[in-house]
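Asks: The residues making up each chain are set out below.
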Amino acid sequence: MVWLFDAVVVASLCWLAWRAITVRQLQVSIMAFLPYGLLMAIAWARLDAPDVAIAEAAIGGGLTSALLLAAARRVHGARLNEVPTKQPVPRRRRRAIAVVAAAVAAGAGWVVLWALPAATPGLGPRVDANLEASGVENPVTAVLLNFRAWDTLLEIAVLVLALIGVGRFRASVHDRQRNPSEESTLESIMLGGLVRLFLPAIVITGGYLLWRGADEPGGAFQAGAVLAGGGVIAVLAGLQRPRWFAGGAFRLFVVVGLAVFAAVGFGVMALGGAFLEYPEGWSKQLIILIESAATLSIACILVALFTAVLGTDGSGRADRGG
Amino acid sequence: MMTAETLYAAGGVGLLALGLYGAIVVDDRIRRVLTLNIMGTGVFMILIALAARSPSGRPDPVLHAMVLTGIVVAVSASGFAVALACRLGPPEDETRPVHDRAGEDDER
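Protein sequence lines, in the order shown, are assigned to chains A and B. Sequential numbering from 1 applies to the first sequence in the numbering used here. Sequential numbering from 1001 applies to the second sequence in the numbering used here.
These are computed hints drawn from the structure, not numbers from a lab. C-beta: ideal position from N, C-alpha, C; glycine also. Just to be clear, a hint being listed does not mean it is correct.
Computed footprint of chain B on chain A, listed as stretches where at least three residues anywhere in the stretch have a Cβ under 8 Å from a Cβ of chain B [as the list claims (entries may be wrong)]:
id, stretch
1, 57-68
2, 136-143
3, 246-252
4, 274-281
Reference listing, derived: stretches of chain A covered by chain B, where coverage requires no fewer than 3 residues with Cβ under 8 Å from a Cβ of chain B [claimed, not checked]:
id, stretch
5, 31-45
6, 119-133
7, 285-292
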């Protein structure tokens, strides 16, 4: 009977994707993308990929939708809910594009379902053989932070670059403007209170994912994503950031992951190893050190990307075009 | 035989194609970022389904690590893309009739 569950999940994913593409109102489209991300996380949990599922639930389901919604508000303003009157792409052209997409699907489907071997251990046995030497027991963490640590280092560099790209590196984590008229409404009081109640639990969840990630599903990316989710709802609830967490301190948080990662990489070279080749017996400590720093950076960068798109800064001034 | 992996792999292929179709068809820049994300998750789903083919029952962790990296890069790229979309300023007036716009939709 479990195949029925899988079939429903896959069918729902395709239907939500179709809705997100074809529905006329942009807001409805983004609203379809949110359960899409959550269902995707369920699908990946079914495929024995809990590490990826946790990250997708926090990022694909939550953060990406929040980013899209904030951007849509900013670009379309009050007209977000309106049905656009603009003529959609002509039917004939849509058909031609559908044919192209179907051809791509046929090609990809042939490769995935027929050309590739139906059962292969892939690189799994080689990871298992070296797992003991990696310092951690979660094979995904071992790949990310040890065997393929180069990729992860560059990935964190990509995050920092994205933040520089949106022009938010020099700025601090910005609070949403406190609108005095909003201040006293019941909703804002309740939302602020609820967020204050949830935030400690979110921080503990993030820390748990980071710590357990060495041996169980979890790790720096999942922890950073969960913390970033907490940061986003704190921004939306209009909570003030602590005074110490501004300017220089924020910039330090943004680069600490990359800096610690690179410092460890070069540091082990000074001890005679290759770049990022951890000395024997120190792997676990170094991995936890790198992951802790990376978690802070990932969380800060993702929240800052969101506030950049939300378009408010500390003074409450919109920075469009600035 | 239809295993769960093949079902999800086929679903991933379908989402890839839907996302590709959407990315070309939609006319809103924010929604285009969304459709590219659908395309990306389709690819991720294919990779995860491929990782689950292992005969030992233990999925391939290298593919999982690749997808994890991909998710984080995708969200930062999406953030960058929508930030650029905001900088472009307000969209052209969508209430204008189509025939006012020279050179567009000439195929009607």
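Asks: Now tell me if each hint is right for this structure.
Replies: Going down the list of hints, with the structure as the test:
no. : hint    : result
1   : 57-68   : holds (count 6)
2   : 136-143 : holds (count 4)
3   : 246-252 : violated (count 0)
4   : 274-281 : violated (count 0)
5   : 31-45   : holds (count 6)
6   : 119-133 : holds (count 9)
7   : 285-292 : violated (count 0)
Going down the numbered hints, you'll see the structure goes against 3, 4, 7, while the others check out.
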